[in-house]
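J.: So the chains spell out like this:
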Amino acid sequence: MREVLIWIVTLVGLLPFYFLIATAFKTDQETLTTSAIAPPQSLDFSAFVSVLTATGRNSIPMSILNSVIITAGAIAGLVLLGSVAAYVITRRTRTWTNLTFYLVLIAIILPAQLGTVPLYIGARSVGLTGNAIGMILLWIGILLPLSVFLYASFFRGLTTEYEEAAVIDGATPTQAFFRVVLPLMAPATGTVAILAGLIVWNDFFNSLIFLGGSTTQTLPVAMYTYVGGLVSAWNKIFAVVIISMIPILLFYMFAQKRFIQGFAGGLKG
Amino acid sequence: MTIEKDATRTLTVPPDARRTPRPYDRTRKPLISYGHWWWALPAIVLVIGVHYVANLTGGFFAFTNWTGLGDWDFIGLDNFVRIFSDPTLLGSVWNTLFLAFGSVILTNILGLGYALAINRTLKTRYILRTLLFMPVVLSPLAVAYVWKFIFQFNGPLNGVLSAIGLESLQKVWLADPTWSIWAILLTVVWQQTGFVMVIYLAGLASVPVELEEAAALDGAGIFKRFWHVTVPGIRPSIAIATTLGIIQGLRIFDQILALTGGGPAGATETLATQVYKQAFSLGQFGFGSALALVLTVLILIFAILQQYATRDRDAVGRKA
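Which chain is which? The protein sequence lines are A and B, in order.
The numbering of the first sequence is this note's numbering, which starts it at 1 and goes up by one.
The numbering of the second sequence is this note's numbering, which starts it at 270 and goes up by one.
Simulated from the structure, these hints should not be mistaken for lab results.
Source: prediction; values computed, not measured.
Hints may contain errors.
Stated by the list, open to error - Computed far set for chain A versus chain B, every beta-carbon distance over 10 Å:
hint	residue
1	L14
2	S35
3	D44
4	S59
5	A112
6	G170
7	L184
Said to hold, decoys possible - Partner residues aside, some chain A positions facing chain B, computed with beta carbon under 7 Å:
hint	residue
8	T33
9	I37
10	V88
11	L114
12	L119
13	A123
14	V126
15	R156
16	P173
17	F177
18	V180
19	L230
20	W234
21	S244
22	Q256
Even for Gly, the Cβ is constructed at its ideal location relative to N, Cα and C.
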């Protein structure tokens, strides 16, 4: 009984998804004439076709590709730089490693807003605005404290015996780290990849500033400019919205347990 | 050497018969070096550059009238005087605080209520949790467009009002100076509630069932049990959910640009949208930095409170 009640509340809460899907499958004519709540008369894919074939700056397939490149690049950088830095900071106990750890901790608390203007000016003067490389570097810089912090907490919980055994067997420090320690850190890498991936993939503010007006657009920026040109063609607007949701929802279905754990345990500022 | 059976007598092994290793030589180089020190270098350089240098430079710009090109003057507190004497800009400060606190209060009430409702006893709680968390992972911009449709004049919200005979309440929600900010608040709350719920589910998992049963046996009613057993048990979760929520809420940007663009007549402008407009649309880098500094100070206050409130965070989270 209670279960039924909770399901009703949940389904009412998820009604926006119904409007989204119902409207996207309507024809242009139907969107204007039928009620917003009415289901489509038949499944019509014309809205999706017109969205996917739009060209130029608003090209949605191109923007998906850009988003994939930027997100993948940022994750790769955060995993590589974050893990090695956290490893040295936690395993070596010197004054400078302690100082570095505090430097990273404070950077987690520091909000990024104030730095945006100088970063934009700096990036513009060296030609790093409007392209994927600049965006990847920016994200690595912004999210490195989070990555180092997460890796550091995982390294603290890992006994040193694995890499000691590897070194005794003749591995160099580099081999011991990349062939023994890092593979053991898969849960940390997963958390970093999911948190950073989600932030980068969904970001609109930084992409708008650093890529705005250029031909390299991420998905949210392309969606914003494209939708801005469609006054109330809700079937097309929702076709873009659905296309933009598919990659992240697929990923969520695939890794939802890890997603939820990463958020409940790892997120901090 | 034989060991005597009398356990009360201690057995002394002569030093030259011991086979223990020699005491560790502290001056010797350690047997194993954990990575190379320079591995941390790229991270240190990037963190200092992107976080420290950029923020300090931004803080300095806040006291200038720089436009992004050419010369600039150091103008002291003029930018801040302008912010706090302009009604629109001052309004954006209040809107920022309204959205941050409004979203925290609503998401925490709804999220905690929902977590309590599906905690433990429900068979389908994992499916429910997965469904409710779904909006959290979507881009705020995409979510905002869905709600823009709901709030439009021919949209579902007015449709429902007309169906239940409340035509008089129908309005163009996003163009109404009083209601547009509530529309944004609702959009944010809808997206964030699942996140708060998950934090509370993790916290509730750490409240022992026995404690609640003991309280029930002692005759505590459902409300008393909640107040005296559950709430103290989830206090760390409350601290995390509220402070993270406020920090998130202060930064709201995407939803506003998608829903109202700051209008009608500046009724939904926040510090984040003003930073964007002043610095990047109007090219007033100095003034935009001053607005960003106000926002930063607000966020820092709550970030420091969060660190203080969640010092013993190991007790919570980790298991969702």
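J.: Now tell me, hint by hint, if it's right for this structure.
T.: Against the structure, the hints:
no., hint, verdict
1, L14, "violated (6 Å)"
2, S35, "violated (6 Å)"
3, D44, "holds (17 Å)"
4, S59, "holds (18 Å)"
5, A112, "violated (8 Å)"
6, G170, "holds (12 Å)"
7, L184, "holds (14 Å)"
8, T33, "violated (10 Å)"
9, I37, "holds (5 Å)"
10, V88, "holds (5 Å)"
11, L114, "holds (4 Å)"
12, L119, "holds (5 Å)"
13, A123, "violated (10 Å)"
14, V126, "violated (12 Å)"
15, R156, "violated (11 Å)"
16, P173, "holds (5 Å)"
17, F177, "holds (6 Å)"
18, V180, "violated (12 Å)"
19, L230, "violated (10 Å)"
20, W234, "holds (6 Å)"
21, S244, "holds (5 Å)"
22, Q256, "holds (5 Å)"
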